[in-house]
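S.K.: Protein chains in written order, with my numbering: chain A, 1 to 704; chain B, 705 to 882.
If you are wondering where the hints come from, they were derived from the structure by calculation, not from laboratory data. The structure displayed is predicted, hence computed values, not measured ones. One or more hints might be untrue.
[What the hints assert, rightly or not] Have a look at the derived ranges for each label pair, beta carbon to beta carbon:
hint, chain 1, residue 1, chain 2, residue 2, range
1, A, Ser150, B, Arg832, 51 to 61 angstroms
2, B, Gly760, A, Glu147, 26 to 36 angstroms
3, A, Gly206, B, Pro750, 51 to 61 angstroms
4, A, Ser150, B, Ala740, 42 to 52 angstroms
5, A, Pro304, B, Thr814, 43 to 53 angstroms
6, B, Ala877, A, Thr450, 27 to 37 angstroms
7, A, Gly602, B, Thr814, 54 to 64 angstroms
[What the hints assert, rightly or not] Partial list, derived from the structure: chain B residues whose beta carbon lies under 8 angstroms from chain A:
hint, residue
8, Leu770
9, Pro774
10, Val780
11, Gly782
12, Val817
[What the hints assert, rightly or not] In the DSBU-like style, the derived pairs of lysine-lysine whose C-alpha atoms are separated by at most 35 angstroms in a straight line are:
hint, chain 1, residue 1, chain 2, residue 2
13, A, Lys486, B, Lys870
14, A, Lys404, B, Lys870
15, A, Lys486, A, Lys404
16, A, Lys321, A, Lys404
17, A, Lys617, A, Lys667
For every residue, glycine included, the Cβ atom is placed at its ideal position computed from N, Cα and C.
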Amino acid sequence: MSLDSDPYRYFRIEARELLEQLTQGLLSLGDGEGDARAVPELFRYAHTLKGAARVVGQTDIAEMAHAVEDALSPYRNTGQVVPVNSVHEFLRLVGQMADTLDALEAPPAPASEAAQAELGTPMVAPQEGPSPEVVRVELARLDGLLEGLSEAVVQLGGLHGAVESISQAHHGTDLLIEQLTAPVASSGAAAERARWLSRVLSVAEGLRASLVKAGRQLGGGLGQVESELARLRDGAHALRLVPAQTLFGPLELTARDAAGSLGRQVEVLTEGGDIQIDGHVLASVRQALLHVVRNAMDHGLETPEERRAVSKSPTGHFSLKVQRRGGRVSFRCEDDGRGVDLGRVRQVAVERGVVSAAEADALDEHGLLDLLFQPGFSTARAITDVSGRGVGLDVVRDTVRRLKGEVYITSRLGQGTCITLEVPLTLASLEVLSVEAGGQRLLIPLEALTGAIHLPAEAVSWTGARACISYAGEALPFLPLADALKGANGEQRPRAWSVLVLDAGAAGRAAVGVERLQGISRRVSRPLPTSVPHLPLVAGASFDEQGIPLLLLDAAGLVRLVQAGSSTGAPKVRTSRKHRILVVDDSVTTRMLEKSILEAAGYEVELAASGEEGLEKVMRGGHSLVISDVEMPGMTGLDLTRRIRAVAALQSLPILMVSSLATEEDKRRGREAGVSAYIVKGEFHQHGFLDTVARLANEGRKQG
Amino acid sequence: MSLSRTRMALRLDELRDSFDSSFSRPPPPQQEPGEALLRLRVGGTPLAVRLGHLSGLHLMPRLVQLPDSPASLLGVVGLRGQLIAVHDLAALLNLQTGESPRWLLLAGGTRRVGLAASGFEGQVRATREQMRPGGSSASHPLLSASVLLKDTPPLPVLDIDTLVQKLLEAAAAPQQGR
Chain A
1 MSLDSDPYRY FRIEARELLE QLTQGLLSLG DGEGDARAVP ELFRYAHTLK
51 GAARVVGQTD IAEMAHAVED ALSPYRNTGQ VVPVNSVHEF LRLVGQMADT
101 LDALEAPPAP ASEAAQAELG TPMVAPQEGP SPEVVRVELA RLDGLLEGLS
151 EAVVQLGGLH GAVESISQAH HGTDLLIEQL TAPVASSGAA AERARWLSRV
201 LSVAEGLRAS LVKAGRQLGG GLGQVESELA RLRDGAHALR LVPAQTLFGP
251 LELTARDAAG SLGRQVEVLT EGGDIQIDGH VLASVRQALL HVVRNAMDHG
301 LETPEERRAV SKSPTGHFSL KVQRRGGRVS FRCEDDGRGV DLGRVRQVAV
351 ERGVVSAAEA DALDEHGLLD LLFQPGFSTA RAITDVSGRG VGLDVVRDTV
401 RRLKGEVYIT SRLGQGTCIT LEVPLTLASL EVLSVEAGGQ RLLIPLEALT
451 GAIHLPAEAV SWTGARACIS YAGEALPFLP LADALKGANG EQRPRAWSVL
501 VLDAGAAGRA AVGVERLQGI SRRVSRPLPT SVPHLPLVAG ASFDEQGIPL
551 LLLDAAGLVR LVQAGSSTGA PKVRTSRKHR ILVVDDSVTT RMLEKSILEA
601 AGYEVELAAS GEEGLEKVMR GGHSLVISDV EMPGMTGLDL TRRIRAVAAL
651 QSLPILMVSS LATEEDKRRG REAGVSAYIV KGEFHQHGFL DTVARLANEG
701 RKQG
Chain B
705 MSLSRTRMAL RLDELRDSFD SSFSRPPPPQ QEPGEALLRL RVGGTPLAVR
755 LGHLSGLHLM PRLVQLPDSP ASLLGVVGLR GQLIAVHDLA ALLNLQTGES
805 PRWLLLAGGT RRVGLAASGF EGQVRATREQ MRPGGSSASH PLLSASVLLK
855 DTPPLPVLDI DTLVQKLLEA AAAPQQGR
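Based on the provided sequences and hints, a complete structural model is requested.
M.R.: What follows is the structure in C-alpha cells.
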C-alpha cells in the first residue's frame, strides 16, 4: 500500500505509540507512583503528537494534543505535582484522541454499486482486512534472529569441507579405475602384480578415508544447520507475539473514563501482562474487552454513595487477569459491583418476549446469565453514554466466537460479576512433551502434565472399556491415548504403559497411556486452519523436522474424554435434569434432615438459612420446588412466598411450607400468600413428605 | 532478360498492392484462447475445476488425521511451512469414497483450503460457448455447470468458490456452549 493510497499509514503507528506512552505516564501520575520528573517527557509526547497530527491535517487531534501540552506547561520545569483532577482531564483528552484515531483507522463505509457507477470508479474486490496489521518487535528479539542467521550461514560454510572431501573421493575413484584398468592388472610378473595390488589398496584406503570424512562432516554439519534453522523458524514465528501488557493501558483508560463520566470511582488491577499472545488475537480481543469494561463500569459498579451504603469501599475494583491454559488464553474480568440481578433479567426477558414466562421459569442461573449475550438485551433502566443500549455483550460473544473461543459469565448479587473470555492461541510458544501413541507422534503441553510414570499393564484396572489407575493415593480414570484419538478399543495392550497424569484445572485430572515418551522441547504451535471445525481434542499443531504436522493435544478436552470413559467420541452432554429443590429454613437440624431425606430420594438439594438468602437463590432459577419454613428471623416464609409470586416468571413455581404453625388460619394465610402446599412439622412423615414433594416437583417441571 | 525484368516488376507491383491493401482490411477475428480448466477424477467421476480458482496443485504430502473430525476432513498436511486442512472432494460431493487421495488442490485464496482428488488427468481449454450454465439434472448442486468439449460427454465443472465458502462457514459456526 503506497502512502498516496493511505496518507495516515505512518501517522497511525506513531500516534498510537505516543498515546500509549501518554496513557501510561498519566496513569502512573494519577496513581501517585510517577513523580513530577515524568512531566517533561509527557510534554514531549504531546508536543510530538501535535506536530505529527498537524502534518497530516488531523487538526482535531492536533488541538487536543496542544491542549494537553499547554496544560502540562506550568508543571514542566517547576517540579510541581500535577493535581489528580488535571490528570483525569488529560486522560479524558487522551481517550478522545484515541477515539479520533480509531475513527481514522476505520475502513471507509462501502459505497453502493450505484454510487460507484455514478462516480465511474470500478468495483474493487473487498480486501481481507482494513489495513495491514503492524506488530512492534523488541530489538533484542530481532538481534537474536539475525545472530541465528549468521550462525546458520557459518554452519553452512562448514559443509564446504564435505564438498572438498567428496571431491577428493572423486579423484580417488579416478585413480582406482586407472589402476584397475592398467595392463599390469591382467598380466605381469608376480612381483609387479604385488606392487600393483599394494598401490590399489592404498588408493582404495584413501578413497574410503575421504568418504568417511565427508560423511562425518555432512552428518554433523547438517544436524547443526537443521536445528539452527528450526530455532530460527520458531524465533520468526515468535515475532508475532506481543505481551498482554499492551492491553492494559487502553483498558485502564477506558475504565477510568467511563467511571468518571458516570460519577463512579474505580481502581483497575491487572495480572499476566508478560504472557505473549499473537498480536492479531490481542487486537480482536481488545475490542471485546473494551465492551466488557464499559459494561462493568455502567451496570456493575455502584456510585461511591451506593457502595458506602452497603459497607463497601467507595472505590470499586475491576481486575483483568490474563492466563494461558495449554492452547488457550483466558481473559478474566472481575468487578466487585452490584452483580447481576437475575430476577430482573428474568423479568426483562419475559417483558421483551425473549422467552416465555414458562421458559424463564425453567432457566437456571447459567441460562439466565446467558440471556445477557442476546443481541439488544439490556436490563439498564436508562441509556447512558457508556452502555445500556443492549449493544455490548453480544458483540463480545460474536468477537470471541469468531476467534473460535467462548465467553463465560458468573455473578453474585451484591458482590460482583466475572466475565471470562477464552480464546485459542493462534500462535503460542510453549514447552511440550513429545509422545508416541498408536504409531503417531503427538505433543502434550507440559504445563498440563502433573506426572509421568511407568506402569505394568496389570496396574491398570479395566471394567469393560473403562479403566483406572492409582496415582498418589488417588484413583484416576485412564484411557490409552491411541484409543482416545482413534475412537477404537485397542485389541492389543502393551506389556507396560508410559502413563501421563494430566491436570486440566477446572476440568479435573485423568491419565492417558502412551507407548513411548520422546522428550521435552519448546515449540511454536499454530492454530488449525480456518476450514477445520472446533475439535475438542486438538489445540493446534507444530511441524517435525521433515515439515510433517505434529498435533498439539488439548489437555482439557483429553481429560473430559477420559473422564467420560468413552473411546468413541467426545463426552455427551447430559440431557436429563434432576429435580433441584431449594430448602429454606433457619434451623440447621430441619435443613439437614430435609436434605438427607430428599437426597436419598434422588433429588438435588440447595440450602438457604434465611428468607433473604432463599430469595437470592431462587432468583437464579433452576428449581423445581421451594420448601420453606414459615417463621424465620427477617424475611418470613410468607414474605418470601409473596416476593417470589411478585415475579411473573416465578408465579407457577411450587412452594411447600413446612412449619410448626398448624392452625387453619395459618394455612389460609399461606394460601393467600401463594403457598402451594402446607405440611405441619408435628405431622411430619417421611413418606407423606416425599409424596407431596414428588407431586409438586413434577408439577413444577411440567409448568417449566 | 527484359522478360524476366518485366515479370519481376509485375511481381513487385503485386506485392506492393498486397502490402498496401493489407492496411485497409479489417483485422481478422481473433480466436478466443478459452478458459483453462483442470480435468480431475474424483470418486471415479471425471470433473473439471477452473484453474483461475486454484492457487496450487501438488502431489499429496503426508496426511495427519485429526481425531474426532468429520469424515470429509481427511486431516492436515504441511506445505512450505504452512498448515493446510485437506477435505475429501469425493465425500463433499457425495461421490464414491475410498480412493486414495493422490492430488492436493489449493483453493480459497489466502485462506488456503486443501481439497483432495484421486486423479489429475490434464488441462483443457474451453471457450465461453463451450461452457454450459447450471442445470437441474446435475448429481450435486455444486456440479451443475458443465463444459462441452469435442467428442467427449459433458464434463461437470465444480463450483469451487462456493464449496470453499461453505466449508469456511461450517467451520466458523458457533460450537455448542457448555
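S.K.: Now look at each hint and say whether the structure bears it out.
M.R.: Hints versus structure:
1. Ser150/A / Arg832/B: 51 to 61 angstroms: holds, 56 angstroms
2. Gly760/B / Glu147/A: 26 to 36 angstroms: holds, 34 angstroms
3. Gly206/A / Pro750/B: 51 to 61 angstroms: holds, 60 angstroms
4. Ser150/A / Ala740/B: 42 to 52 angstroms: Roughly 45 angstroms apart at Cβ, these two residues keep to the hinted range, so it holds.
5. Pro304/A / Thr814/B: 43 to 53 angstroms: This hint holds: roughly 51 angstroms between Cβ atoms.
6. Ala877/B / Thr450/A: 27 to 37 angstroms: Holds, since Ala877/B and Thr450/A (Cβ atoms, about 35 angstroms apart) stay within the stated range.
7. Gly602/A / Thr814/B: 54 to 64 angstroms: holds, 56 angstroms
8. Leu770: Because about 6 angstroms separates Leu770/B from the closest Cβ in chain A, which is inside the 8 angstroms limit, the hint holds.
9. Pro774: holds, 7 angstroms
10. Val780: Holds. Min distance 5 angstroms.
11. Gly782: holds, 4 angstroms
12. Val817: holds, 5 angstroms
13. Lys486/A / Lys870/B: With a Cα-Cα distance of about 27 angstroms, the restraint between Lys486/A and Lys870/B holds, given a limit of 35 angstroms.
14. Lys404/A / Lys870/B: holds, 17 angstroms
15. Lys486/A / Lys404/A: The given pair, whose Cα atoms are some 24 angstroms apart, holds under the 35 angstroms limit.
16. Lys321/A / Lys404/A: holds, 20 angstroms
17. Lys617/A / Lys667/A: holds, 25 angstroms
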